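Add chain G to chain L, keeping to what the hints say.
2 protein chains.
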Amino acid sequence: MENTYAVIMAGGAGTRFWPKSRKALPKQYLNLFGKETMIQMVAKRLHNLLPKERIYVVSTKEQEPLLRSQLDWLPPLNIIYEPFGKNTAPCIGLSAIFLNHRDPDAVMIVLPADHLIRNTERFLEILSEGVSLVREFPNALTTIGIQPTYPATGYGYIQKGDKVDGHDEVYQVRAFAEKPTLDVAEKFFASGEFFWNSGIFIWQTKTILTYLESLMPDLYQGLCQIKAAMDKDNLPQVIETVYKQIRSDSIDYGVMEKASNVLVLKGDFGWSDVGSWEEVYNISEKDADGNVVKGKPIYKDVTNSYIEVGDRVVAVIGVDDLIIVDTEDALLICKKDKSQEVKWVVEKLKHQRLKKYL
Amino acid sequence: MENTYAVIMAGGAGTRFWPKSRKALPKQYLNLFGKETMIQMVAKRLHNLLPKERIYVVSTKEQEPLLRSQLDWLPPLNIIYEPFGKNTAPCIGLSAIFLNHRDPDAVMIVLPADHLIRNTERFLEILSEGVSLVREFPNALTTIGIQPTYPATGYGYIQKGDKVDGHDEVYQVRAFAEKPTLDVAEKFFASGEFFWNSGIFIWQTKTILTYLESLMPDLYQGLCQIKAAMDKDNLPQVIETVYKQIRSDSIDYGVMEKASNVLVLKGDFGWSDVGSWEEVYNISEKDADGNVVKGKPIYKDVTNSYIEVGDRVVAVIGVDDLIIVDTEDALLICKKDKSQEVKWVVEKLKHQRLKKYL
Chain L
336 MENTYAVIMA
346 GGAGTRFWPK
356 SRKALPKQYL
366 NLFGKETMIQ
376 MVAKRLHNLL
386 PKERIYVVST
396 KEQEPLLRSQ
406 LDWLPPLNII
416 YEPFGKNTAP
426 CIGLSAIFLN
436 HRDPDAVMIV
446 LPADHLIRNT
456 ERFLEILSEG
466 VSLVREFPNA
476 LTTIGIQPTY
486 PATGYGYIQK
496 GDKVDGHDEV
506 YQVRAFAEKP
516 TLDVAEKFFA
526 SGEFFWNSGI
536 FIWQTKTILT
546 YLESLMPDLY
556 QGLCQIKAAM
566 DKDNLPQVIE
576 TVYKQIRSDS
586 IDYGVMEKAS
596 NVLVLKGDFG
606 WSDVGSWEEV
616 YNISEKDADG
626 NVVKGKPIYK
636 DVTNSYIEVG
646 DRVVAVIGVD
656 DLIIVDTEDA
666 LLICKKDKSQ
676 EVKWVVEKLK
686 HQRLKKYL
Chain G
336 MENTYAVIMA
346 GGAGTRFWPK
356 SRKALPKQYL
366 NLFGKETMIQ
376 MVAKRLHNLL
386 PKERIYVVST
396 KEQEPLLRSQ
406 LDWLPPLNII
416 YEPFGKNTAP
426 CIGLSAIFLN
436 HRDPDAVMIV
446 LPADHLIRNT
456 ERFLEILSEG
466 VSLVREFPNA
476 LTTIGIQPTY
486 PATGYGYIQK
496 GDKVDGHDEV
506 YQVRAFAEKP
516 TLDVAEKFFA
526 SGEFFWNSGI
536 FIWQTKTILT
546 YLESLMPDLY
556 QGLCQIKAAM
566 DKDNLPQVIE
576 TVYKQIRSDS
586 IDYGVMEKAS
596 NVLVLKGDFG
606 WSDVGSWEEV
616 YNISEKDADG
626 NVVKGKPIYK
636 DVTNSYIEVG
646 DRVVAVIGVD
656 DLIIVDTEDA
666 LLICKKDKSQ
676 EVKWVVEKLK
686 HQRLKKYL
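In order, the protein sequence lines correspond to chains L and G. Quick note on numbering: the first sequence equals residues 336 to 693 in my numbering. Quick note on numbering: the second sequence equals residues 336 to 693 in my numbering.
Chain L on its own, in the form it takes in the complex:
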């Protein structure tokens, strides 16, 4: 794994796990599944493959305390700070500039901080395979596609094209598709031609920079200004100036959908975006009544529910299929299949200027 680096994208501010996630405490810093937070799990996993010096995190400055406390073993200089979030294209461009400055032959694995991976061993195998693929096809952009298990409307899709010779589950990418309607998702699912878009990418930094130059010239120009300021004292100011000018775009929209040479590698390592409380429930281990219970509620005749409480006394009787999350200052009670509506709550709170609950 020489010249190989991982970049964990950790900048997102989660709204889907309110009231546990807040603007100041996004999903990737939550302990949703046990002893560790999602970013701790991802970083630890990568550390099986790479020395810590080659594991990077991109985030915003305001998340520095969280990152420093949760990933205290990571070299502080491996945290790249964006002045503010501008979606994945600038985030990936900035990381590529940093890595390229350190190692012109860098291969970068880019991945979100807030996805759950159940089979670590297989995950690492696939990443290694992806790196080999990049060595074999140095001008290709490689992404990992997940075999859909149901017609999800919450994920983007990747349509397979021709199989790549000499590889088991590697395909040319025919098309990228945004999150579909249910109708379309059902067609995608039935066709067998589509993967879910995992948001995990593997490529040479110079390759992605070349693509950025041709497909996102404005961003590329900004990145060049940053490159020119590398190792200088005013680097943070330059980054901030550039970030004020560039557009907020996803790497999917800005590059992947338009690039000519994109490969997709099937990732069968038990992946989940964990996009809602319902998904946390689905993934978690349940008791005999189908409940997932965290904290010490007093409960009776409760089935198929997710209950997470803190220090307050919470009594729950005779309910089915609910999400209940009680924190010190806010409470969510939600039918399980409505848990995506939590975003609506956060919007409501914004409108009501109840900022301290965001």
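Hints listed in this document are in silico derivations from the structure and should not be mistaken for laboratory results. Everything numeric in this text was worked out from a predicted model, so none of it was measured. Fair warning: there could be bad hints in the mix.
Using 25 Å as the maximum straight-line C-alpha spacing, the simulated BS3-like pairs for lysine-lysine come out as follows [what the hints assert, rightly or not]:
| no. | chain 1 | residue 1 | chain 2 | residue 2 |
| --- | --- | --- | --- | --- |
| 1 | G | Lys355 | G | Lys670 |
| 2 | G | Lys567 | L | Lys635 |
| 3 | L | Lys670 | G | Lys514 |
| 4 | L | Lys562 | L | Lys541 |
| 5 | L | Lys514 | L | Lys358 |
| 6 | L | Lys635 | G | Lys671 |
| 7 | L | Lys671 | G | Lys673 |
| 8 | L | Lys673 | G | Lys673 |
| 9 | G | Lys631 | L | Lys673 |
| 10 | L | Lys601 | L | Lys379 |
| 11 | G | Lys514 | G | Lys621 |
| 12 | L | Lys629 | G | Lys621 |
| 13 | L | Lys601 | L | Lys358 |
A short, non-exhaustive set of chain G residues, derived as facing chain L with CB atoms under 7 Å [claimed, not checked]:
| no. | residue |
| --- | --- |
| 14 | Val627 |
| 15 | Glu682 |
| 16 | Lys683 |
For glycine and all other residues, C-beta sits at the position ideal for the given N, C-alpha and C.
Here is chain G on its own, set in the frame of chain L:
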């Protein structure tokens, strides 16, 4: 209404309205239906019929601050304090001694503090009719029976006997029955011979004292000791000594079921014991979705539910038929038809020695 007095029994400690009701804040002091608490509504109602000097409250000393603040217009000496609750027979006996000492010809209306009456005008008419009945039959014990509207298992029942001549809806009482099983309740209901026991009584104090003398001689002896100490400084000590010795008994069990001359007057004034959150929901005015909402929860796709919240942010999405009561330190989430299980929660808290939540 000369020589007529009302005695509001306010001593009970509610467990059925946890987490709003606590040991230190029983149901009668809760604002469940609008601007006033239940005891405030009862006292105000009686004040239409009687001057405040003739309205009494019996309660325990620990409820003094609540009583004094909620009924600040009542003469302080009209609050009779029991050292501790011993069910309704001692409570009624003690009140009878006080009233009898003030006015040997006193007629007393005894009623619980925590019942809801919807039609005040009709209620006052019935009480007046009851007082006339006592004047006509000075040796009778009169009670008010409620026409059942369903086969309730949560109320005691009164079986009608012969109609009393010259009165529309007055009957001799054939029998009193404790809270029945559903089977029995259905028979009672179908027969048309039964009223619900409202716990409202009207009688001459000397009549009830005579009955106590013959049917509950131990209690009567204690009451005589109290009578002897009236106007003396050691009255509270005497009451306490007596209360330590007497048994805890209901007036129904101790007197009404055994007395020979009991009349029941039909009370058609929209009565409810309000024994559970479900009943509070049933009685309250609902919005178009069938919800009763107090406080300012953020909610969506909620139907047929009771939501009462305080200052915390509470979001409720996609639920039906729930009771949600959130207080500063405790939360109840309960299927509506399970709301009698709240008692179970209180028991649980007792066992877990979480006294501050009781």
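Now for the hints, and whether the structure bears them out:
1. Lys355/G / Lys670/G: With Cα atoms ~17 Å apart, Lys355/G and Lys670/G stay inside 25 Å; holds.
2. Lys567/G / Lys635/L: violated (53 Å)
3. Lys670/L / Lys514/G: Roughly 36 Å between the alpha carbons, so the hint for Lys670/L and Lys514/G is violated.
4. Lys562/L / Lys541/L: With a Cα-Cα distance of about 13 Å, the restraint between Lys562/L and Lys541/L holds, given a limit of 25 Å.
5. Lys514/L / Lys358/L: Cα-Cα ~24 Å, so holds.
6. Lys635/L / Lys671/G: holds (14 Å)
7. Lys671/L / Lys673/G: Holds, because 20 Å separates the two Cα atoms, which is no more than 25 Å.
8. Lys673/L / Lys673/G: holds (23 Å)
9. Lys631/G / Lys673/L: Holds - the C-alpha atoms of Lys673/L and Lys631/G are around 21 Å apart, at most 25 Å.
10. Lys601/L / Lys379/L: holds (22 Å)
11. Lys514/G / Lys621/G: violated (30 Å)
12. Lys629/L / Lys621/G: violated (34 Å)
13. Lys601/L / Lys358/L: violated (33 Å)
14. Val627: violated (16 Å)
15. Glu682: Constraint on Glu682/G not satisfied, violated at 10 Å.
16. Lys683: With Cβ-Cβ at 5 Å, under 7 Å, it holds.
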